[in-house]
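Dock chain S against the given chain Z, drawing on the hints supplied.
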Amino acid sequence: MMRVALRNLAATKLRFALTALSIVLGVAFVTGSFVLADSLRASVDKIFDDAAGANDLVVRSVEGPTGDRPIFALDTVAEVQAVDGVSDAAPRLEGAGALLVDGDATGIGISNWVDNEALSSFSLSEGRGPTDADEVVLTKTLAGDEGLEVGDAVALRGDGPVRDYEVVGLSTFSSDADDLLPYAFMTLPEAQSTLDVDGVYEIGVALEAGVDPDAATEALSAELPAGLEVVDGQAAIAADREQVQDTVNVLGNALLAFAVVAVLVGSFIVFNTFSITFAQRRRQLALLRAVGARAGQIRRMLIGEAMLVGLVASVVGVVAGLGLAVGLEELIGLFGDEIPTSETVLSMRTIIVAVVVGMGVTLAAATLPARRVSKVAPVAALRDDAGSPRRSGWRGTVVGLVLAALGAGALYAAGPVPGARTSLILIGAGSLAIVGAAAFLAPTLVPVASRVLGAPLRFLGVPGQLGRDNTAREPRRTAATAAALMIGLAVVSVAAVFAASAKETLTNQVDSRLLGDVIISPDEDGFEGLPAGVDQRIAANPDVTAVGVASFSQWSDGEKTRDLVSIDPVAFAEVYDAPVADGAVTDLAPGGVLLDEGLADDLGLEVGDTLPMTTPGGQLQARVDALIDDQILGNAVIHTADLPRLDPDAVPVFMVAAGPEGTDPAVLAETLEADVGDFPGVLVQDRDEFVADLRAEVDQVLNLIYALLALTGLIAVIGIINTLSLSVLERTREIGLLRAVGLTGRQAKRMIRAESVLISLIGALLGLALGTVLGVVISNETPIIEVVQIPWAQLGLFAAIAALAGVLAAVWPARRAAKLDVLRAVTAD
Amino acid sequence: MSTLEAPEAERATRVAARARGATKIYGGGAGEVRALDGVDVDFEAGRFTAIMGPSGSGKSTLMHCLAGLDVLTEGEAWLGDIELTGLSERERTKVRRDRVGFVFQAFNLIPTLTARENVELPSRIARRRPDKQWTREVVGALGLADRMSHRPTELSGGQQQRVAVARALATRPEAIFADEPTGALDSRSGAALLDFLRRAVREMEQTVVMVTHDPNAASYADRVVFLGDGRIDGEIVGPTAEAVLDRMKTIGGPA
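From first to last, the protein sequence lines are chains Z and S.
Residues in the first sequence are numbered from 0 upward in steps of one, following numbering that gives the first Met the number 0.
Residues in the second sequence are numbered from 0 upward in steps of one, following numbering that gives the first Met the number 0.
Okay, chain Z solo, but in the shape it has when bound (with noise of 0.2 Å):
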C-alpha cells in the first residue's frame, strides 16, 4: 500500500506542494524562533564568558539593601595587590556617557583602560593606551561607525559638561561582539573626574601562577575592610548575564508565541487540503476497496501519505527557519535595538521540536479525513455521486456552543484585577477557547456570512452569483479556508485594540493631568538621568513661571525593590495634576511618602499609618501624606529634601516646564531648547510631541506585531489558494458547462474571484469581530487601561486588505478556471 501512496504523491506534485507550503512556513517559524533565541544565548554568553575570563577574583562591595552596590576606596587597590599569591590588581570604573559628533549624542559606556591583558578584556588593536587626562581608546566599531581614527579630536560627557579628547588608540573585544559594547576609555583620574565618581565599582584580581583560587580567596577576605567581598569571575557577572539572558528569553518566547498562531492557522490549511483531496479520490479508494482493500488499509495508506508529506516539509521547515532567523533577526533590529548574533546555533532540540511539530500537525490534520474517507464502500466507485450534500456537523456546533460559554465565563470571572494571575490567566484561556468556539461554529456561520456579505455580489451577474453560491456549498470547507484567516485578524486586532486604547489612554492622562507646556527628559540613546545643571539652566528662562522635577531613585520593603520618586510637591503640583485617591499631592512633607493607592491596599495602609522603607542611603520610617494613582509617578513619592540623605546620587530624570496664561508649548520648547542646547542628550519636547513620542512608541510594538503576524496572513492565503484550486479541479464539468453555454472566459475569472475575495472577507470580519470584542473585553479588564478604543479605520483596512488578498490569492485558481479545456470538460465521463 505504501508504493500507492508513493505514488499518488508524485502524480499530484501541485496538491503535494500546496500542502507542505504551510507546514513548512509554520515549521520555518518555530526553527527560526528557537534558532534566533539560541543564537542570541551563545553569543550573550560569549561575551559574557570572555568578560569573565579577564579575571581570576573580583573585589566588589557587598550589594545594599536596594540590589546595588556602592562604590568604595581606591586605596583598597593598594591593599589587595599586597596580599600574598595576587599577581596584579585593576580598579575599574563605569558609567554612562555620550560620544558627540556633528551635534549627535551617541549613547556608550565610559571606563579606565586597564593597561594588562590579564586584566581586561579589551586588547589594543591600534595605537595606545591614554596617558594624559585628554586622551582616549574607543572601541574599533564605534569608531568605524563614526569615522573616527587616532589621532581625532572627539567630545565626551559623562556626568558632567562635555570635554575634548583626542583618540590616541582603538580597542576590541576578546569575542568579536565590540559593537554590542561602544566604549571609551580614559585613564583613571580622568574617568572618575567625568564620572563624578570618587572611588572605584570593582578591583579585578590576577592570581600569581599557581597559586590555588580558594586560598587567594580566604586570604584576601580577611585582609579587606567590612562591606566588600571576594568572588571569582564568574560570579562577579552572573547577575548581569542572567539579566540579558532573561531579556533573550522573553524575546525567544514571544516570537514562539507567534510561531504557535502561524502553526495552528496552517493546521486549518492542512486539514483542509486532506479533507478536500481524500474526498477527491473517494472513486479510486472505492475501487481498491472493491479489489480487496480493508477500510484499516485505506487509512493507513493515506495516513501514510500525509505523514511522508509531513516530514518532508518540516526538513525544509528547519532549513527554511534558519534563513527566517536571520529574518526575524533583522525584523527586530528594525523595531527595537539591534541585537548582534556572532553564530548561528541549530540544536538537537530545535530540530525535533520542529519535526514533531510539523508532523504532528500533519498527523492530527490528516487523521479525521482519512477516517472519514477510508469508510466509503466499495460500489461508490461506481457511482458518480461527487457532488453528494454533506451532513451539517451538529456536533461541531455543539463544541463550539460549549466553548462559546466557558471562554465567556472565564473572561466575565476575570474582571479587571490589578496585574493578579489568576486573572491573566483567566483571560487568555477565555479568549483561546471564544476563538476555538468560533473555528468550530465557523461551518455553521457561513452560510449565513456568504449570504449577507455576498449580496452585492448580485450586481456582478452570474458570476457573481456562482461564486457566492459556491462557497455556501461546502460550508465546512469554506469555514476552515476562512478560519485561518479569521484567528489572524482576531489576534491583529485585539492587537490593534489593545494599542489604540493604551494609545488614548496615554494621551488623555496626558492631556488632563500634564498643566505645564514643556517636557524635559534624557534622549533614549542610553542615558539614565539628566546631566546636572539642566534644571538651573531651565529655571532661569524668564518665560518659565514653573519648573517639576522628578527624581528616580530605588526603594524596598524588604522583599521587592520598587522604583522611588521625589518631587518638590509645590512645584510639582503647579505642572502636573497627579490623580489622588485621599488627600492632595501637597500633603507630601518631608519624612512622608505618597503612596499607590493599590499599593497602600496589598500593604493595609492608611493616610496617617506608617511605611518602613529602605533606601540606598538607610531606613526611613515614611509617613504616608497622601493615597496616589498615576503610571508616571508610580509606587511611591517623597519630599526632595530627603533625597540627600536617602539617595545622594537620584538623579533628575523628568522635567515639566510651564510658562505664564496664553502660552505656545511649541515656542517655549523651541527657547528651552536652545538654553539648554549644549547638554547633549536633553529631549526638549513640548506636549505634542510629548504624546506623539509615547504613542509612537505604542506603534512601534505594534508593527512588530503585525510584522510578525504577516507571515500567518501569508499562510491564510496560501489556504485560499490551495482550496480554490482544488475546487476547480472538483468542478471541472461544472465550469466547463458555464463555459459551453456562454460564460467567457473573463466571467469564469470573475466567478472565481468572487468566491475568493468572499471567503477572504468571511474569515475577515469574523476575526475582526472577534479580535475587536476580545480586544475590548481584555482592555476594558487591564486596569492599566483607562479608555477603551476601537480603531474602526484600522479595522477598515485590515478589511480591505483581506478582500485584496482574496483578489490576489485568487489570480493562479481563475486563470486555471478560465484557461480550461470545454471540450473536455464537457465530455469526460
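Simulated from the structure, these hints should not be mistaken for lab results.
Note that the structure is predicted; figures quoted are calculated from it, not measured.
Treat the hints with caution; some may be incorrect.
[Unchecked claim] Simulated crosslink set (DSSO-like; lysine-lysine; CA at most 30 Å straight-line): (1) Z/K12 to Z/K374; (2) Z/K748 to Z/K818; (3) Z/K139 to Z/K12; (4) Z/K748 to Z/K12; (5) Z/K748 to S/K131; (6) S/K93 to Z/K748; (7) S/K131 to S/K93; (8) Z/K818 to Z/K12; (9) S/K131 to Z/K818.
Using the frame of chain Z, we list chain S on its own:
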C-alpha cells in the same frame, strides 16, 4: 444536396447549420487521426435531424464543431449566417451563449442553481432579461411548472434532462445540439424527452440536431444523417427504428 419530400418543404427552406469540406485532424505525423474527413452537410431550420454512426465515426466531433465548442482543422462550419472557423474563443463563446442550445448526456445543470436559474442561465450570463412568456410556455410544455424552484439534486434524471432542454430552448437558439440526451435515462423518460424534442420542432418551430447511437431515438427525427469514418455515409428521411438499424449494419468503420 438533399432532396426533401413535399409536405415538409415549405418550412425547411433555411439552413440552420452547415458544414463544407469539414475536416478535423487530431495529433500529427504517424499518430494522425482524421475524425472528420471532408464532410459536407446541411441541417435545415425547423427540423429534427439525428446524426448517427458507430463510435469513432466523428459524429460528436461534427456536432462540437458546428456548435462552436471545437474548431475545424480545415473547411467551414456555418451556424446560420456565421462562419465559426475564423472566430476567436471569446467570439465563439458569445455564439454559444446567444445562438446555440445544448443538451448533454449527463451533468447538464449547475447544482447550486434552481431549475429556473438554470433555465435562465444563458440570458443571465449575457445580462439580458429572460423572455418570461416564452420560458413559461416551454416550461409548461415540458411539465416542469411546479419544479422550477427545485435544485437539480431534488429532481429525477428525466426531470433534469427536461430542465436542460428548457434551458436550451430558452434563448430561441439557431439550433439545439443534443449529445445522446437520453443516454442516461430509462426508456420511458427517454421516450418522453424525445417526444418533447419533436414537439419543439413541430409546434415551436425550433431546430434540433441530435447525436445518438440508438436507432430507436433516431426514429423520432425527421431525418437521419449517417457518418462513418469521418465521412457522410447516406441519410434517411422519415426514418423508422428498423430502417435505421438496417442501415447501421451496413456502415463500416471501427465498431
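What are the numbers of the hints that this structure violates, sorted from low to high? Hints 3 and 9 are the ones this structure does not satisfy, whereas the remaining hints hold.
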